[in-house]
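Enquirer: Could you put together the complete structure from these sequences and hints?
Quick mapping for you: the protein sequence lines, in order, are chains A and B.
Here the first sequence stands for residues 1 to 329, numbered as in the working numbering.
Here the second sequence stands for residues 1 to 287, numbered as in the working numbering.
Any given hint could be a false lead.
Stated by the list, open to error - Derived contacts from chain A toward chain B, CB cut-off under 7 Å, selection only:
id	residue
1	Asp37
2	Tyr222
3	Leu224
4	Phe225
5	Lys227
6	Ala228
7	Arg229
8	Gly230
9	Glu231
10	Gln235
11	His240
12	Arg243
13	Asn244
14	Pro319
15	Gln320
As the list claims (entries may be wrong) - For lysine to aspartate or glutamate, the following EDC-like pairs were computed, each having C-alpha atoms within a straight-line distance of at most 20 Å:
id	chain 1	residue 1	chain 2	residue 2
16	A	Lys129	A	Glu219
17	B	Lys137	B	Asp179
18	B	Lys137	B	Asp113
19	A	Lys234	B	Asp179
20	A	Lys129	B	Asp179
21	B	Lys40	B	Asp230
22	A	Lys234	B	Asp113
23	B	Lys122	A	Glu231
24	A	Lys129	B	Asp67
25	A	Lys129	A	Asp37
26	B	Lys188	B	Asp230
27	A	Lys234	B	Glu85
28	B	Lys181	B	Glu165
What the hints assert, rightly or not - Cβ pair distances, simulated, as ranges:
id	chain 1	residue 1	chain 2	residue 2	range
29	B	Phe146	A	Met16	27 to 35 Å
30	A	Gly262	B	Gly73	55 to 63 Å
31	A	Ile317	B	Pro254	46 to 54 Å
32	B	Lys137	A	Arg15	49 to 57 Å
33	B	Gly150	A	Leu19	54 to 62 Å
34	A	Ile317	B	Ser139	20 to 28 Å
35	B	Arg89	A	Glu186	38 to 46 Å
36	A	Leu14	B	Arg89	40 to 48 Å
37	B	Phe146	A	Leu313	15 to 23 Å
38	B	Pro254	A	Asp318	40 to 48 Å
39	A	Leu233	B	Lys137	29 to 37 Å
40	A	Met16	B	Pro84	49 to 57 Å
None of these hints come from the bench; they were simulated from the model.
C-beta: ideal position from N, C-alpha, C; glycine also.
Spelled out, the chains give:
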Amino acid sequence: MNKGLLKYLTTTVLRMVLLLIAATMLSFFLVHNAPMDPVDAFLGEVTVSEEQRAQIAERWGLNKSPAEQYLIWLGNTLRGDMGESRTYHEPVTKVLGERFRASLLLMGTAWILSGVLGVILGIVAGMYKGRWPDRIIKTFSLILASSPVFWIGLLVLMVFAVELQWFPLGLAVPIGKIESEVTWAERLHHLVLPALTLSITGIANIVLHTRQKLIDVLESEYVLFAKARGETLKQLITRHGLRNIALPAVTLQFASISELFGGSVLAERVFSYPGLGSTAVVAGMQADAPLLLGIALFSSLFVFFGNLTANILYGIIDPQIREGGGIDG
Amino acid sequence: MENEVLLEVQHLSVGFESYNARVEKVFFNAITDLNLTVRKGEIVAIVGSSGSGKSLLAHAVMNILPDNARTGGKMYYKGELLTPEVMNRLRGRQIAFIPQSVAFLDPLMQVGDQVVGTLGEKARALQQKAFEHFGLKQSVAQLYPFQLSGGMARRVLLSTSYVAETEMIIADEPTPGLDLKIAIEALKDFRVQADQGKGVILITHDIDLALHVADKIAIFYDGRVVETADTQTFRGDGQGLKHPYSRALFNALPQNGFNLQRCPKCGATCATWNVDEEGMRCGCGDS
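Expert: Right, here's the structure in full:
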């Protein structure tokens, strides 16, 4: 057992390292070959002499070969120095930390909301398969699943921010207020629309999967037998349904973290929410290599740990994994 | 004077509706015009080859057929018409069903809890008694279905009917996977329960084992009961049996010398002949 655990840990760490190297390499390759010139993007409208341009390029190491640039970044990162963002003139770690806190609040809310609501709606639909609650939930989910995040975001903005004016148009805090004066109520008020948008897009997937899994469970032979023993629909759901949909639900919930990251880029963009997603867009547009690599590194780690958590939870939920092989007797 | 009738099945038919490749509704008949009577204190064995629809009969009685199944005919339990609503009330309380395989156990629930089912903690003692009765260690209660051998799973399934204490038991192939000693024990157990006044339907493909315990044997072929005969009729060369298929089946038993009639014209064994209500004949046209 301990030997198996050691092997598992070693392969996990090895996989993580390979993933991080691959993700950052790819990001570097893309940003290096992007049509933006980092110096131009940095200077914007400011005009400077050729000499000064060369000095900036020299300072950023742009005259070195791409491989060399990447290796220097890698070496520094391993020592804990992720460089300075060219756009924000602050250390990358500091930018990441600030932006991630805003994003975590947004993604966390959306994640829990879509997970809880998705599973509940999926169970209701599966229970009433083919009847009106199922039809409504299924149609709703299919429409949501086929609509892009930014479009839903725009609709939500038009309805709740422009027409009804219940929520602000964008940003994470009120404009023109000092950071220390912002209250939690104000933060939450700004959070509602982006979190709603982000969870709406994740929810459809979870509803449809949970519904189908519950239908499969309810048609299984063990549920037939439970029925033959006089269990009611409610007992079937609570005794066998929930137990058997837990595993796929957990898988889906943790696998959705990567989609959430992707969705947050669009949702944050629409709502001008200053999180990791919108920062990634800025870093890309400005050819801000250190910041972009930092974000790639960070989001890969985040998604990796999401999947790892799912793997560990399997072992806890599923006795077939937890208790290993059979016992004779 | 015969005992009270528990279950009466009249002209039961079971068919399935499905769609073919051209999205046309097609209907497939699995059971046609089946009649069966089970009295208190009686074991009726339903014997037939695999795939002849024996399990469907059990599922039809328990009202656990899939949604696309269509049934016809009437069933009565103690004289009361068995509508789906009545069956949903009776099952698990008056009629116990013993399914065929470990797939009928929830893969994620400990088998002890499954035997107890929804009967509550008062059934825990019954479960322990059942395990002792069928020779299962008490520690088996904490195992999950995937940890059971075939024989253990079978005994767990038998235990579920043991704790239910119903008036009637429908057992679908309860013996395969058990070694002969436990198989005979399990069958004797049905005998004991029948002698206490229960009615038992024993669905099996093993005519030999059925002959050991059953009072009546219904020979099942292609969705129909071709003949129901008292167990005593199955002796000698089987001349007391009315239908040639029953006789052929009985004569094919090892102790009867594996005798298979052959077609005098083409030589095909009777295992390949066509069977209908009156008799059986070879497909080559000769009788």
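Enquirer: Which hint numbers does the structure go against, in order from smallest to largest?
Expert: 1, 19, 20, 25, 28, 32, 33, 35, 36
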